[in-house]
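Colleague: Chain by chain, the residues run as shown.
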Amino acid sequence: MYETDKQLVQRYFDHGATSFPKPREVGQAMVRYLNDVGGTYGRAAYGQVQEASRLVFDARSRMARLIGTVDPSRIVFTLNATAALNLAIQGLTRNGGKVLVSPMEHNSVMRPLSMMAKQRGVQIEVMPAGPDGRIDPEHLALDDTICLAVCILESNVNGVRQPVVEIKKKLGDIPLLVDGAQGAGAIPLDVTSSGIELIAFAGHKGLLGPTGVGALYVDRNLSLPPLTPGGTGSDSESTRHPTTMPDALEGGTPNIVGLAGLGASLAFVHTHGLFDPAPLALQAMKQLEHIPGMTVYGAKDPRHQGSLFSLTLEGHSPSDLADVLYKRHRIAVRAGLHCAPTAHRALGTFDKGGTVRIALGRFHDRESVSLLVQAVKDIAQ
Amino acid sequence: MIVYLFKTIHHVLQAEKTLHDASVPCELIPTPKTYSLECGMSIQIEPSHQTAATTALEGMTFKMVTGD
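As they're listed, the protein sequences go chains R and V. Counting from 1, position 304 in the first sequence corresponds to residue 304 in the working numbering; the numbering is continuous, with no gaps. Quick note: to get the working numbering, add 381 to the position in the second sequence (first position is 1).
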């Protein structure tokens, strides 16, 4: 299923940053494109271009299938989830308009919104939420100035999963942008039944693809301006960027080698099914929370827990704990603020230097959890 | 020959897959210069397959022209 040392796999708890390992088919598809296919996307019609173009088409079709839309042209490929979020945020925020956010947003949302606040006078309002940052859609107050709501699917700090379907119901016609960087590949998503208008994806996390590929789903009733107008291989006589999706939001040669890998990783996901590491995360949390001096940060209700959580240990700064975990036990984790100062402020961990994040993945098992728990116990003694 | 023109490469490939699934033989070709306002790749079929192709592509946006 993968080609690397099992010990390395079991001790890798940084899936919130990027998943490891990738299914072996991912690397094979990328190498095959580089060595045996070549050609660019749709800029000619000879065999290599046809094959390269089909790789992109395949990845786009598989992304569409993942989220339950029959129209793959509504999937736009980007460099990463941040680029996808910027495309939506910069495209839909209007002068003086209000944007609703959860208290758990990543800087990939908060920084573009801060820029829009400065440039367009956008107001940012935090939706009502519980102490774990989970939105309470019942108490959501709406008004005519709201132009967009943004909500992370699963927090990259405490792993709390947001009720995005219920939020969308409450929002009515106000578009909802879901940051699916965490949670995609684990949580079933259906844009057709939920009516969610925008979802941003990272290809390299739960979708198991390579870095350098992301995507944005855009509902057919929404129209956005491109952030990178340029060549598309279509309508080449005109200096105006085309308006037909997906070209409308894509400019320049795409990351074909990355998309070859993403197509292969999505084929793996479709063949083997979604995988939710949340039960393993809950097992680990349950065993760790009894350690003296330990604080575990997760969802208040276990039903809302995702595949990652955070912890702090008295007497150890997060960075020291992460360092010792690696040097003594080869356990790989990420410490600090996780590019999410807003979320850490909401959880009260900002002033403590953040947390140590434990992020489980597709190839973990009970043995991985035992290794982690034993390592933390050893340090806490 | 009959040439089907589309707005984007994605739609060309969508059409190619649709025709393939419907067992309609087709070939990807560079879009003839006369019609180059569309995207750079088009689909060519034999005239005898025109009815089957047009039926299979129902619902898609395309322009159909008679090639050289």
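Since the hints were derived computationally from the structure, they do not count as laboratory data. The beta-carbon is built from N, C-alpha and C at its ideal position, and this holds for glycine as well. Some clues are possibly wrong.
[What the hints assert, rightly or not] Where chain R lies over chain V, by a calculated footprint (3+ residues, C-beta under 8 Å):
1. 387-396
2. 401-411
3. 425-437
Colleague: Which of the numbered hints are not met once you compare them with the structure shown?
Modeller: 3
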